[in-house]
Each structure stands twice: as C-alpha cells, then as structure tokens.
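Residue numbers (my numbering): 142 to 230.
To be clear, the hints were calculated from the coordinates, so they are not data collected in a lab.
Accuracy of the hints is not assured; some may be wrong.
[Stated by the list, open to error] Cross-link-like lysine-lysine pairs, in silico, DSS-like; alpha carbons within 30 Å at most:
#: 1; residue 1: K146; residue 2: K221
#: 2; residue 1: K221; residue 2: K190
#: 3; residue 1: K193; residue 2: K206
#: 4; residue 1: K206; residue 2: K153
#: 5; residue 1: K190; residue 2: K146
#: 6; residue 1: K196; residue 2: K206
[Said to hold, decoys possible] Taking CB as the label site, the calculated pair distances span:
#: 7; residue 1: S159; residue 2: N180; range: 19 to 27 Å
#: 8; residue 1: K226; residue 2: G151; range: 52 to 60 Å
#: 9; residue 1: N180; residue 2: V224; range: 53 to 61 Å
#: 10; residue 1: K221; residue 2: V197; range: 20 to 28 Å
#: 11; residue 1: K193; residue 2: K146; range: 17 to 25 Å
#: 12; residue 1: R171; residue 2: K196; range: 17 to 25 Å
#: 13; residue 1: G185; residue 2: G211; range: 23 to 31 Å
#: 14; residue 1: P225; residue 2: K193; range: 49 to 57 Å
#: 15; residue 1: E223; residue 2: V197; range: 54 to 62 Å
#: 16; residue 1: K196; residue 2: V222; range: 50 to 58 Å
#: 17; residue 1: K221; residue 2: R171; range: 47 to 55 Å
#: 18; residue 1: E223; residue 2: H203; range: 42 to 50 Å
#: 19; residue 1: R171; residue 2: K199; range: 18 to 26 Å
All values reported here derive from a predicted model rather than from experimental measurement.
Just so you know, even glycine gets a beta-carbon here, dropped at the ideal spot from N, CA and C.
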Amino acid sequence: MSSRKTFVLGQKVLLFHSRLKLFPGKLRSRWVGPFIVTNVFSHGAIEIKSEKTGKVLKVNGHRLKPFYEGFKPLDMEVFKVEVPKGGAP
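Let the hints inform the model, and build the full structure from the sequences given.
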C-alpha cells in the first residue's frame, strides 16, 4: 500500500520548512504558505508558487500538505421570529 500524497494543479498547499530556527520556549509552526501547485512531476516532485511573492520552487511532495482555507459564510437571510404574548401555545 502506498501512502503517496496526490496533488492537483491549482491546489493550495503548505510547505514544511525544516530549517526554520525556533526560539526556545516559543511555539511556531514549521509549515509556511500557502503555495499554489503549478506542476506535478511523475517522480514525486511538485512545483509550487508562492501566493505572496510569486517565487517558484520545486520540492519533494513529502514536504507538502493540503491547505484548507477558513470557513467563509455564505450570504444568509435572517428572519425575525416573534413569540406570541402569553408564552408558547
């Protein structure tokens, strides 16, 4: 059974930055990004582009994980419900 991750063009991903120096006592994520997948190679390499800088990198797919954007509420209609005087029926 293979545990190879699959990525598709245009997908947003995070990159594991193993050389990120952490300060003692400080919690900081080693995952940076998001990046956009621009090319997927058959040998496991993935080409990604930074959303912020536009810089293009070619990295091993094992250093990537999918990026999930925060929940964005849809347009909603609000209805006012009035309780009849004297309590519920």
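Hints and how they fare:
With a C-alpha separation of about 47 Å, the suggested pair K146 and K221 falls outside the 30 Å cut-off, and the hint is violated. Restraint check for K221 and K190: not satisfied, since their Cα atoms lie roughly 47 Å apart, outside the 30 Å limit. At most 30 Å may separate the alpha-carbon atoms for a hinted pair to count; K193 and K206 meet this at roughly 18 Å. Our distance criterion of 30 Å between C-alpha atoms is met by K206 and K153, whose separation comes to about 9 Å.
For the suggested pair K190 and K146, the alpha carbons sit about 18 Å apart, so the restraint of at most 30 Å is met. Proximity of K196 to K206 is assessed by CA-CA distance (about 18 Å); at most 30 Å being required, the pair is judged to hold. Against the hinted window of 19 to 27 Å, the Cβ-Cβ separation of S159 and N180 comes to about 22 Å, which satisfies the hint. Hint check: K226 to G151, Cβ distance near 56 Å, so the stated range 52 to 60 Å holds.
Between N180 and V224 the beta carbons are some 59 Å apart, a value that agrees with the proposed interval 53 to 61 Å. At about 52 Å, the beta-carbon gap between K221 and V197 misses the expected band of 20 to 28 Å. A beta carbon spacing of about 23 Å between K193 and K146 agrees with the range 17 to 25 Å that was offered as a hint. R171 and K196 have their C-beta atoms about 18 Å apart, which keeps the hinted 17 to 25 Å range intact.
Distance hint check for G185 and G211: the Cβ-Cβ separation is about 29 Å, which falls inside the suggested range of 23 to 31 Å. Between P225 and K193 the Cβ separation comes to about 55 Å, which falls inside the hinted range of 49 to 57 Å. The hint said 54 to 62 Å for the Cβ distance between E223 and V197, and at roughly 58 Å that hint holds. At about 52 Å, the CB distance of K196 to V222 agrees with the hint of 50 to 58 Å.
The given range of 47 to 55 Å is respected by K221 and R171, whose C-beta atoms sit roughly 48 Å from each other. At about 58 Å, the CB distance of E223 to H203 disagrees with the hint of 42 to 50 Å. Restraint check, R171 to K199: a C-beta distance of roughly 20 Å satisfies the suggested window 18 to 26 Å.
Comparing the model with each earlier hint shows violations of hints 1, 2, 10 and 18; every other hint is respected.
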